[in-house]
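Peer 1: If you want the building blocks of each chain, they are given just below.
There are 2 protein chains.
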Amino acid sequence: MQEKKLPQLVKGTRDFDAAQILKRSYLFDHIRQVYQSYGFTPLETPALEYISTLLGNYGTDGEQLIFRILNSGDFLAEVTDPTAYTNYKALLPQIADKGLRYDLTVPLMRYVATHHHELVFPFKRYQIQPVWRADRPQKGRYREFYQCDADVVGTSSLLIEAEILSMVHEVLARLGITQFTIGLNHRAILNGIVTLMGEGDRVNEFCIVIDKLDKVGKEKVIQELITKGFASTALEKFSFIFDLQGSNQHKLQQLSEHLADSDLGLQGVQEIQQILRRVDAMGISDKNISIEPSLARGLSYYTGTVFEVKLQAVDIGSVAGGGRYDNFAAAFGLTEMTGVGLSFGVDRLYVAMESLGLFPQETCISTQVMVTNLDEEAEKIALSIIPQLRKNGLSVELYPEPANLKKQLSYANKKLIPFVVMIGEEEKQADQFRLKDMHTGAQTLHTQQELISFLCGA
Amino acid sequence: MQEKKLPQLVKGTRDFDAAQILKRSYLFDHIRQVYQSYGFTPLETPALEYISTLLGNYGTDGEQLIFRILNSGDFLAEVTDPTAYTNYKALLPQIADKGLRYDLTVPLMRYVATHHHELVFPFKRYQIQPVWRADRPQKGRYREFYQCDADVVGTSSLLIEAEILSMVHEVLARLGITQFTIGLNHRAILNGIVTLMGEGDRVNEFCIVIDKLDKVGKEKVIQELITKGFASTALEKFSFIFDLQGSNQHKLQQLSEHLADSDLGLQGVQEIQQILRRVDAMGISDKNISIEPSLARGLSYYTGTVFEVKLQAVDIGSVAGGGRYDNFAAAFGLTEMTGVGLSFGVDRLYVAMESLGLFPQETCISTQVMVTNLDEEAEKIALSIIPQLRKNGLSVELYPEPANLKKQLSYANKKLIPFVVMIGEEEKQADQFRLKDMHTGAQTLHTQQELISFLCGA
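So the protein sequences, as listed, match chains A and B.
Position one of the first sequence corresponds to residue -19 (my numbering), numbered consecutively onward.
Position one of the second sequence corresponds to residue -19 (my numbering), numbered consecutively onward.
No lab work stands behind these hints: they were computed from the structure.
Heads up, some of the hints might be wrong.
For identical chains, the list gives no copy identity; a pair is met inside one copy or between any two copies.
27 Å max Cα-Cα, derived DSS-like pairs, lysine-lysine [said to hold, decoys possible]:
1. K(-9) - K69
2. K360 - K(-9)
3. K371 - K267
4. K231 - K360
5. K195 - K267
6. K217 - K231
7. K208 - K195
8. K360 - K267
9. K195 - K119
10. K198 - K208
11. K290 - K371
12. K192 - K394
13. K231 - K200
Let the sequences and hints guide you as you build the complete structure.
Peer 2: Quick look at the structure:
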């Protein structure tokens, strides 16, 4: 047997213990409940997808972060071109045809493409599963993390956008988060601006740069655009977006004026107006919604609305985001199949909840009653009474060995078990049980029936 | 952009739709509740583990089934020996240092090894997560499947074995499965037998063959042992195990007689007796437990008790299994750290539940109320009333577009939505809502308040 290194957690991944799982479940459950209340039903897809499914959707940078799985057995057997050994990129497709799920949208598209004959459209699904990215691990960035997605495929109705904005409000309200901003934009507005700049074929390039506004500021964005060869006269045509002020309605009006010569841009403005009208009809104020014409959501598959949710009290980037994607489905052979989605990132939400003290002070998932194990006879008595406690829904454990009492109580103490039942000589004689409240230290004697009533009523 | 193949599900993996997820959750929830009621707390570990952690635990055959993940970036950069290109086994460790979780026991050991200073022992954890095996896909065998494990690390008390047997009873009882057999054996009994045969150093070889008894029968097992060079005189020493009859106590007595000259064998018998005594003290009859001295659980890490659970009514192999492993932890630098565990396989349990008709007839997770969308005015009314229904816990959706009524009702029908609310001209005039019971077809008119009371009371 080869010598073992001390085992380690893979860098960028995490174990979750009982306390963390309890809190994470709190987030998952609330998100799931909201998604379900809007008529979304669950879907789960496998961790593995074919590389051919994954590629072509995330841009060159994204694709480099896909974890690739070596073909089974002699993976070199199918290498047809040995010169590939000098070039890992050429070798890759010959030795690895599968990869790990990188997001939940591509698996959804694959699912819809495979099942579109039997699905009922519009298809509303939610999916809460981990995804994997071979990112350089750093604080708050993990190689395995959960996404909580809700998507609707098969309708261009802007009602869905309004409902998604409503779901964001609902999830955050249920979690107790009141201070947040949903940045909202439309790709058509960006397209309109770039077209007016006379750079209509460089929308993606423009979006990548403008998307950094939040991080690097106005000056650096302009500098980078100039470096990239955008004419400074063209830049004047969009600089108004830095100065938009006032209410959403006021911003939209200003946008309409600047985009008067762009039908596309105006369409974007109108669609946002329609969405806001519906949000209003749902009784939701737009005070947490902010039109942000610089929001692009990077180089991605979005074609319509895009949005990003940030918390005011905690500076951790966006906790949710999404938008409408029209051409995405086309890559999977689905024409005229527009999609729109929302994704919550549980890790950032977790950090925010912790820092705002919003997780409920529930006791951790743990044993509620421990029965001591002092000798064979006491163990036998314990074994006969414990099933009755468990039947009443209590979590009960019997200390597994007749160790000394101090050790057993210390175990209960460390595990924060609130009640300990002791069966010593005295108790056996009297046919009773001694109950210790580990919080107060108080000890009381009970008959079996009293004990069951007390603990199961507690 | 490269041409896309029609996307496909990776062979041996599965998507799960809402109905399947509901049923699988039913299994997970029951197993989780039982584990928790015995004082187990949850743990989750990442999908990725270092190959160095995974290797050395599953035997040669098992190790070939580990999915290996290519190192990120230029994975050829660290290939020091180019002759490795002619031998994939030599190349493997140079280009892939991570793999996918193969079971939940090795990650547990890695976790315990890393955290043993802060954990409270005995450490009782349960873990419900998928594992991956690069097996040849076939009916009922998947490359991604869930395991539901409960393990106790850090006590040699046989009480744990008794509690595990009790948990098996409890889980199956809660699921409504009454006809099952827990085959129970002890590796010391097998070791004793092989030692009496004079082949003490070939226990693993013997176990692999004898483990097939169930599948191939007595004759073939004996034949294979002879082929492998076990002397036929030696074989006489163990053939008695084929003839064991009667109650568990009777079988144990016969085993004691045959193993009279093996202290090890006798110890195994005694341990099983102690376990059965405790099971009895818990008020559980041993009618579902069967001593099976040929049960070996393959070539694996078990050193003490081993058990396997089969259902009488459904021939699908074992739905659960487990045992005690002493040396396993040692491979992770943990000496004197014995472990014992139970694992439920949800896929086989699912098949069994389906075939026995034991899943509850719950309605599928779906929308409870759909509101039709006939025109802009009706949509606005709908948007104002829907939040009140959702607040009351109902799952409600508004049809996203003003399509014709027939199409909208057909959508509701296909999605098995029980109630549809319609807001037509007549209803708008009268300030009322028309409610259609999709099951009976009955239509009734309601004021807003009546509608809310009716649906939320329903």
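Peer 1: For each hint, tell me whether it holds in the structure or not.
Peer 2: Consistency of the hints with the structure:
Proximity of K(-9) and K69 under a CA criterion of 27 Å is satisfied in both settings, with 24 Å inside one chain copy and 25 Å between copies. Taking the shortest Cα distances, K360 and K(-9) never come within 27 Å of each other, neither inside one copy (47 Å) nor across copies (51 Å). Proximity of K371 and K267 under a CA criterion of 27 Å is satisfied inter-copy only: 21 Å between copies versus 50 Å inside one chain copy. When the C-alpha separation of K231 and K360 is checked against a cutoff of 27 Å, the pair qualifies only between copies, where the shortest distance is 24 Å, while the shortest distance within a copy is 76 Å.
Taking the shortest Cα distances, K195 and K267 sit within 27 Å of each other inside one copy (23 Å), while across copies they are farther apart (69 Å). In the homo-oligomer, the alpha carbons of K217 and K231 lie at most 27 Å apart inside one protomer (16 Å), although the nearest pairing across protomers, at 91 Å, exceeds that limit. Taking the closest pair of Cα atoms, K208 and K195 come within 27 Å of each other only inside a single copy of the chain (19 Å); across copies the shortest separation is 70 Å, beyond that limit. For the identical chains of this complex, K360 and K267 are inter-copy neighbours only, at 20 Å across copies versus 65 Å inside a copy, given an alpha-carbon limit of 27 Å.
Only within a single protomer do K195 and K119 lie at most 27 Å apart by alpha-carbon distance; the minimum there is 17 Å, versus 52 Å between protomers. In this homomeric assembly, K198 and K208 come within 27 Å of each other (Cα to Cα) only inside a single copy, at 15 Å, whereas the closest approach across copies is 78 Å. For the homomeric pair K290 and K371, the shortest alpha-carbon distance between copies (25 Å) is at most 27 Å, but the shortest distance inside one copy (46 Å) is not. For the identical chains of this complex, K192 and K394 are neighbours neither inside a copy (48 Å) nor across copies (45 Å), given an alpha-carbon limit of 27 Å.
In this homomeric assembly, K231 and K200 come within 27 Å of each other (Cα to Cα) only inside a single copy, at 24 Å, whereas the closest approach across copies is 83 Å.
In summary, the structure is inconsistent with hints 2, 12 from the numbered list given earlier, while agreeing with the others.
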